[in-house]
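There are 2 protein chains.
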Amino acid sequence: MTPYAALAEPHRRQILDLLRGGERSVGDLVERLELSQPGVSKHLKVLREARLVAVRVAGRQRLYALQPEPLAELDAWLEPYRVHWSGRLDALERHLEENPQ
Amino acid sequence: MTPYAALAEPHRRQILDLLRGGERSVGDLVERLELSQPGVSKHLKVLREARLVAVRVAGRQRLYALQPEPLAELDAWLEPYRVHWSGRLDALERHLEENPQ
DNA sequence: GTCCCATATAACCGTCCGGTAATATGAACT
DNA sequence: AGTTCATATTACCGGACGGTTATATGGGAC
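Chains V and F are the protein sequences, given in the same order.
So the first sequence is numbered by my numbering: it starts at 1 and just counts up by one.
So the second sequence is numbered by my numbering: it starts at 1 and just counts up by one.
If you're looking for bench data, these hints aren't it; they were derived computationally from the structure.
Wrong hints could be hidden among the right ones.
For chains that are exact copies, the list does not tell them apart, and a pair is met inside one copy or across any two.
[To be verified] Cross-link-like lysine to any residue pairs, in silico, SDA-like; alpha carbons within 20 Å at most:
| no. | residue 1 | residue 2 |
| --- | --- | --- |
| 1 | K42 | S25 |
| 2 | K45 | T2 |
| 3 | K42 | R82 |
| 4 | K42 | Y81 |
| 5 | K42 | W85 |
| 6 | K45 | R82 |
| 7 | K42 | E79 |
| 8 | K42 | E73 |
| 9 | K45 | R60 |
| 10 | K45 | V83 |
| 11 | K45 | Q67 |
| 12 | K42 | L18 |
| 13 | K42 | H84 |
| 14 | K45 | A5 |
| 15 | K42 | P10 |
| 16 | K42 | Q67 |
| 17 | K42 | L78 |
| 18 | K42 | A5 |
| 19 | K42 | V83 |
| 20 | K45 | A76 |
Everything numeric in this text was worked out from a predicted model, so none of it was measured.
Turn these sequences into a full structure, and let the hints steer you where they fit.
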């Protein structure tokens, strides 16, 4: 699963957003997402396969942590588009800052 | 359709990439994507509904142009993640540059 | 070992998706 | 008006998706 496809699902984006706050158990996530426990587990499987999260076993819990490296691909894809949308000048300036000469 | 979902499909990303080079007719796109004409038209409909492209009628052609504003939502979502992936320092510096104080 | 608790997996279901072939639409040209 | 070209739309198909309920797995506590 590409990171693009992984992010297409709102619940998965929500999970990643929650994991920005640090490791969370599956139960934690189930409480916060309006979704059944198997539903959450399924999305976590997708995120795992996209390498966007990592699991750590702690007793009988599984703690999930953010692993955002694959998002860099998306960020890179986005880069040439940044000069287009509003705030054009800001984006252009940033682009030039990052690419001297 | 959210911009996230619109980007989940590789052909649609490819179409947007082509449109970065300027307006293109449907036939143009069909030649470049390995995809039937109805297939391209279907993806263009999705991109239109996501407001990622705009159409202009020119004789019997329809010229499609990039309209990347909705990508800003994705860019904004991505922002808090930038500090995480490798190149952490670069990303952090950029973040600080853009958010003085 | 037995009983909980936390999570994963299986089975199932309706819907959406991406593709194609066939057809409709509609402008341009004669 | 009839023909041709460019594109959109329809009809259809198989497979993936996201959700649920039911069940399996496996560690901890007793």
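Hints the structure fails to honour
Violated: hints 3, 4, 5, 6, 7, 8, 10, 13, 17, 19 and 20.
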